[in-house]
Amino acid sequence: MAIRRCAIWSSSWGCVSAATLALGVWNSPEAFARQAAGQAGTSARTAAPAQIDIAATQLPDAIAELAREARVSIGTDGPLPPLHTRPIHGRLSIGAALARLLAGSGYRAVQVGGTAWRIERAPAAPPVIPRPVVAEAPPETVEGKPIIVTATKQPLELSTVPAAVSVVSGDAIGHDDPHRSSGTVAAQVDGLALTALGPGRNRMFLRGVADSAFGGESQSTVAVVLDEARLTYAAPDPDIRLVDMDRVEVLKGPQGSLYGTGALGGIYHMVSHPADLDSMSLSLTGGGSIANHGEMGYSGSAVANLPVLPGTAALRFVGYVAQEPGWVDTGTRKDGNTTHVSGGRVLLGVEPVDGWRLDVTGLGQWTESSDSRYVYAPRSYSRDAQLAEPHDNDLTHLAGRLTGKLSGIDVMLATAMTWHDVDDTLDATVGADDFGLADPRLLLDTRSYRTWDSELRLRWHLAGADWLTGLSHLDARQSLDTTLQGAAGESLLVDQDHRDSHDTAAYFNVTVPLGTRFSLDGGARLFASSIREKRRLDSGIVTQQQDKSGVTPSLALSWRPRTGRLLYVRYGSAFRQGGTMIDSNGAVETLKGDELASVEAGWREELAGGARIDLGAWYSRWDDVQSDVLEDNGLITTATAGDARILGVEGSVAVPVARTWHVELGGNLTDAQLTRNALGYRLDDRRLPVVPRYTVRGDLRHDFTLGSLAAWARLGLRYVGPARMSFDPDLDRPMGDYLESTAELHVSHGAWQVALTAQNLLGDKGNVFAFGNALRYRTMPQFTPQGPATVFLSASLAM
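Counting in the working numbering, the sequence shown runs from 235 upward without gaps.
Because the hints were derived from the structure by calculation, they are not lab data. Here the structure is a predicted model, which is why all the values come from computation and not from measurement. Among the clues, some could well be false.
Said to hold, decoys possible - No farther apart than 25 angstroms at their CA atoms in a straight line, the calculated lysine-lysine pairs in the DSS-like style are these:
# : residue 1 : residue 2
1 : Lys-999   : Lys-639
2 : Lys-568   : Lys-639
3 : Lys-826   : Lys-768
4 : Lys-768   : Lys-782
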């Protein structure tokens, strides 16, 4: 366990290190008692219950962490033995927390001041005298640490949010493991689906709101957000590695009232650890991996926190690198689809005056894949010889955020700029004949995205209601250049497009209590949106512009019959600006934007002992669905598919068993269908693409000890049901229907931790995605098998 702050706090004596406490050389018991007695007369603090969150560790470290969290002073009568302690989570008095930590150790805690305790050897127990058996009161229920959600643009406890939200903690995403990314989150969040072209190339969908598996120019249906800034607009998922992330929040359903254009399916929100102004820390992680059918890989990360002016300013540095094994053989080229990822963040935190804080973040990530991962035969890891198809995805991001309080109003001002470049190369020796270039070899698809996102947000309490208002402006620029290269070095520009999007809005949200158990939550966003597009045609450059203004409302009614239980009904809506398509005559046609409205009902419950239940059902209506479609020449354009409706149910249950076991089950069922066909051809199957009909997952975790070592093991299984590729019957291919499996073992001792992880234990080769090369897609089947069984071993040190 990493102690990131002082182990002992006292208004009189300042800070004493955890190492000093563990060695027992801080002070003699008599001196400690004299100092504590002096403090007791002046301290206004009492031993009131406090929120305690201590992981399983050794006794000296646990005592030091308790002192830090509760901000009390704890002295020892000599060094404490390195006994293993059980984790503590909940609101406890200091005395109760100490009693739990010291149970069975031969030591006891004695309070010697208002905020001071001394640990000493317990006296020998007196002889046991039989007593009549009497009924005892049930033990006090210990409340779990509340989960805070900020994707709602205001900090709310998960148990009070009247909307479908999934939160994946830092523990569940591996903290400093650079292999963990959005795929790790999707495996734990019901309703979140990804395509499988490869790292940095996938599209993300939520709750069945899926327009196409093909990566065209239409705006994403899920907004990817880091802290308070949107990273993407129309780009694929950048696959940001989750090193030093506190948690990932997935806000499901249309979020137009808060986030505006493009949030049809929901929000994927990453929350990073800010710079800590008070403590210096360093953590290092390194490891290696090997695939059953593939090569070896490696990974490493470093996280350092450095107070520049303690209590006022600090820097936090995050760096990581990973070489992920390839496992697809192409001709004589073995394991060709190796992926290299490197990235880092620099965070500056400054509190110039009490109550105000400035955070500045710089982020960069560079992803390079040496080849694609599709094959031409099911359940195979090889394909015939062809040209390599590398992929690059480079993202840089700069953000600033100022927060504070002004006359009782919480103020947040944020602005961010993101530069995102995506380059794809396809083998064009098959399927590019229609472009008229002799002996075509490669198709180069180069895309650049620029997103500038700014927002002013105010939050306050007035007349018994909680208010949230804001102003926002977003500029998004995207450009596409598609070039065909021939064997003799000649090139031909086959597609070029440039699109500028602007969105300016004012929004509000208000929560009004209706008595003691009901509350009404309503909001709306008034927006003005525009798109200006320049597209190159054979006849020349054509410019199109369209403007749209309107309002996207939301409304929720929630009922809390008791603490920990929430039932709600919510209505939400969102809008996506229309793009353009090239019709059969080669002319540019402007598309109407699509709109989505959804009604959902949910039940969220927190039970005694830490059990949780989360159930939900929804109905969505999606008008004028924009879908990226594959043309006969292998290029991708956008068309209006028609109208759709989506029905779904999902749920999860988490249950602790016998204190050291934890079981979690989850799943969802989605029925997404076109109700109006505007594609111009007959559809025998009206299901929306990509999204599986159902998923089921299970997770079993066990916490235990190995002598003086703290350990935990986890086994996870997830079945992904059948899905389809495309509306077009000529392009539709089945996929899905496969099982994912993961096993983990983590062992820690003091500042060290060793982790062993295995993926795809069963060696399944299910078809996760039926697409790879657009030029070849009409003439031959394509399959993307699951990655082979892979084992990761890593060690980390926290200081």
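| message | Checking one constraint from the list: CA of Lys-999 to CA of Lys-639, max 25 angstroms. Satisfied? | response | violated, 55 angstroms
| message | For Lys-768 and Lys-782, compute the direct alpha-carbon distance and say whether it is at most 25 angstroms. | response | Within the cut-off at roughly 18 angstroms; holds.
| Given pair status - Lys-639, Lys-568, alpha carbons within 25 angstroms | Measuring from Cα to Cα gives roughly 59 angstroms; hence the hint is violated.
| message | Just to be careful, I want the Cα atoms of Lys-826 and Lys-768 compared with a cutoff of 25 angstroms; is the pair within it? | response | holds, 17 angstroms
In summary, the numbered hints that this structure violates are 1, 2.
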